[in-house]
Amino acid sequence: MRDKKAGIWPYLLVAPALLVVAAVVFVPVGNAVLMSFQSYDLRRPFAIGFIGAGNYSAVFKDTLFWQSVLRTVIWVVFGVGFQFVFGFCLALLLNRDFKGRGAARSVSLIPWVTPGVLIGLMWRWIYDGSYGVLNDILMKIGIIENPVPFLARQDTVFPAVIVTIIWQGIPFFALMLLAGLQGVPAELYEAADIDGANVFGKFFHITVPSLQNTIYVTTLLRIIWVANSVDVIYNMTGGGPAYASQTLSVYVFNKANALNLGYASAMSILLTLMLLLAAVPYLKTLFKIREG
Amino acid sequence: MGKGKRLATRALSFCLPLVLLFGFLIFPFYWIFITSIKPESELYGGTVTYWPKNPTFDAYRALFVDYNFVKPMTNSFIVAASATLLTLFVATLAAYAFSRFRFKGRRPLMIMFLTNNMFPTVLLLIPLYAIMRRLGILYTPLALILSYTTFTIPFSVWLLNGYLSDLPMSLEEAALVDGANRPQAFVRIILPVLVPCLVATGVYIFMNAWNEYTFAVMFTNEKSRTIPVSLRNLIGQLGVQWDLLTAGGIITIIPVCMMFFFAQKRLVEGLTAGAVKG
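From first to last, the protein sequence lines are chains A and B. Numbering-wise (the numbering used here), the first sequence opens with residue 934 and increments by one. Numbering-wise (the numbering used here), the second sequence opens with residue 496 and increments by one.
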C-alpha cells in the first residue's frame, strides 16, 4: 500500500538508520572539514589552532600530493579497466554450459571475499625477490634470468600492485555481469541468428546494450571503491619504495599515521570532492533508472 | 564446420581462456595453502617447491597455541555478528519505509544513504578516532560495531529495498483488510518471505565487518584486536613468518567462504536487482 497519507510512519522507520549514519558519518565529515582549516599536528600539540586555508595552500604546493593524484588516476583507470575486461570475459565463459559450472562460479568468487590485508600480504609473498613463486615461474619459462624484487623497485612496484587490485576486482564484475547476462532474453539472440549475425555482432548489438545499466552501476561502484582502497597497497608496500606506489588514499593514511591530522584532513576533503565530481553523473543516471 | 575444427575453436575460445583466468584467480590461494604447510627448511630453501616434501601443520598449531589466535577470532566474531544484527534491524525498517511509502523527503533521504558510501574511509577515520576517544569507547568492540554498522547500512538498505519492491503489495493488503495493523502485517506476512533475503544481506554485512582493516587497526588495542589486524601483526621485527601468516589467512577466509557459497545466489539477485531495478 504505497499510501501518500502515511503520516509519521515512514519517518519513524527511517529514523534509526538516519541517526547512526548522522553520528558516524555526518558529524565526522563536519569535523574533518573543521580540522582541515586547523594546524592539527599531534606531535606539536601546542600549535593546534585555526590557520585558515593554510593546509590547502600547502597541499597544493606539495609535489607528493600531485604525484599521488596522478597515481590514483592511473590506479583507477588501469585497475578498474582490466577488472572490467577480465570480469566480462569470466562472466561470458561462466554463462556457457559446462560440467562443474556451479562449482566454478563459486570458486571464482573467492578473491572477492578475501580481506584486503590478506590480499596485500599474499601477493607480497608471491612477488618476493628471494623466495617468491612469480620469480621462480618467470625464470623457469625463461622470461627473466635473475630474480626481480618486484616490490622493491620503483619501476615495477606500481604495475605489481595494480595487477593485485585487478585480481581482487575481477570476481565482482563477473558476478554482476553474469547475473545481467542471464536476464538477456534468449529470443534476441535467436532473432539475430536468423538474421545471420556473427558472434561479435551479437556481442556489441545485443549483449552490451542489454547490460548497459549493470555495466554503468558496477563500474562506478568499483571506481569509488578502488580509489578509496588503502589496505591492499598499504600491506604490500606501505606506498613505497620512495613513494612509487603511493595513491592519494594511502598518502592520507600515512599522514594520519604520522599524526599530522590537519594536513591529512585537507587532503581527504580534496579526495572526497574529486570522487563526488566523478559520482554526480552516476547518481543522476541511477535515479533516472530507479524512479523510471 | 568439421568436427575437428569445431573442437579446436572451442578449445581456443573457451577452454584456454577459462583455464588461464582460473589459474590467475585460484593460484594465489593454492600458493598460500601450500606455504602454510611447508616446513621452514622448504620455505626459505634454495629451490621453490610446488608441493611440500614434508608437509606439516606446525604453523596452525603455533598460531593457536603460541599466538592465541582464538582471541582475535572471537573478537572478530563478536564485532561482525553484532554489526550484522544491528544493521539488518535498522536497514530493514528503512528499506520498508522506502519501498512501501511515498513521503516527503523520500528522494533526498535515499540519495543521502547512497552518497554515504562515497566518503573515503580515510576522511572519516581521523575525526571518528577523536570522537570515539572522547566517548570513551575507543579500543572497545563498540567502536568497530558502530563504524561497520554505518558503512554497511547504505548498501543493505539498497539491497533490501530491491527485494521488498519485488514483493507484491497485495500480500500485506489482504492482512490489513483483515484488520491487522501494519507491524502485524509486516511480521506475519512479509518477514517470513524476506528471511532468505535477510540472510543474504547479513552475509554481505558479516563479510565486510570480518574483513575490514583500516578502522580496525586504529580502533583496537591488544585486547580487542580483530583478525585482519592480528594477521598484519604477525609481521615481527625479524621479518615476516610466512608459514604463520598464510595459515592465519586460510583460517580467516574459510568461514566467510562457506557463508558466501551458501548465500551466493540470493546475494547476486539482490545486487543486480538493486543495481538495475531498485
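Calculated directly from the structure, the hints in this document are not laboratory data. Here the structure is a predicted model, which means the values were calculated and not measured. Any given hint could be a false lead.
[As the list claims (entries may be wrong)] Here are some, though not all, of the chain A residues that point toward chain B, as calculated from beta-carbon distances under 10 Å:
{"#": "1", "residue": "V954"}
{"#": "2", "residue": "L997"}
{"#": "3", "residue": "I1007"}
{"#": "4", "residue": "F1031"}
{"#": "5", "residue": "G1049"}
{"#": "6", "residue": "V1132"}
{"#": "7", "residue": "I1157"}
{"#": "8", "residue": "A1177"}
{"#": "9", "residue": "S1201"}
{"#": "10", "residue": "L1204"}
[Stated by the list, open to error] DSS-like cross-link-like pairs, simulated, lysine-lysine; straight-line CA separation at most 25 Å:
{"#": "11", "chain 1": "B", "residue 1": "K599", "chain 2": "A", "residue 2": "K1217"}
{"#": "12", "chain 1": "A", "residue 1": "K1032", "chain 2": "B", "residue 2": "K599"}
{"#": "13", "chain 1": "B", "residue 1": "K566", "chain 2": "A", "residue 2": "K1032"}
{"#": "14", "chain 1": "A", "residue 1": "K1135", "chain 2": "B", "residue 2": "K500"}
{"#": "15", "chain 1": "B", "residue 1": "K548", "chain 2": "A", "residue 2": "K1073"}
{"#": "16", "chain 1": "A", "residue 1": "K1135", "chain 2": "B", "residue 2": "K718"}
{"#": "17", "chain 1": "B", "residue 1": "K760", "chain 2": "B", "residue 2": "K566"}
{"#": "18", "chain 1": "A", "residue 1": "K1221", "chain 2": "B", "residue 2": "K599"}
{"#": "19", "chain 1": "B", "residue 1": "K548", "chain 2": "A", "residue 2": "K1032"}
Glycine included, each C-beta is placed from N, C-alpha and C at the ideal position.
Comparing the hints with the structure gives:
1. V954: holds (6 Å)
2. L997: violated (15 Å)
3. I1007: Nearest chain B Cβ about 18 Å off; hint violated.
4. F1031: Constraint on F1031 (chain A) satisfied, holds at 8 Å.
5. G1049: For G1049 (chain A), the interface hint holds, since the closest Cβ of chain B sits about 6 Å away, which is under 10 Å.
6. V1132: holds (9 Å)
7. I1157: holds (6 Å)
8. A1177: At about 20 Å, which exceeds the 10 Å cut-off, the nearest Cβ of chain B leaves the hint on A1177 (chain A) violated.
9. S1201: This interface hint holds because 4 Å falls under the 10 Å limit.
10. L1204: holds (5 Å)
11. B:K599 / A:K1217: Within the cut-off at roughly 19 Å; holds.
12. A:K1032 / B:K599: violated (52 Å)
13. B:K566 / A:K1032: violated (42 Å)
14. A:K1135 / B:K500: holds (22 Å)
15. B:K548 / A:K1073: The given pair, whose Cα atoms are some 20 Å apart, holds under the 25 Å limit.
16. A:K1135 / B:K718: violated (58 Å)
17. B:K760 / B:K566: violated (32 Å)
18. A:K1221 / B:K599: Judged against 25 Å, a Cα distance of about 18 Å means the pair holds.
19. B:K548 / A:K1032: It is violated: about 33 Å lies between the C-alpha atoms, which goes past 25 Å.
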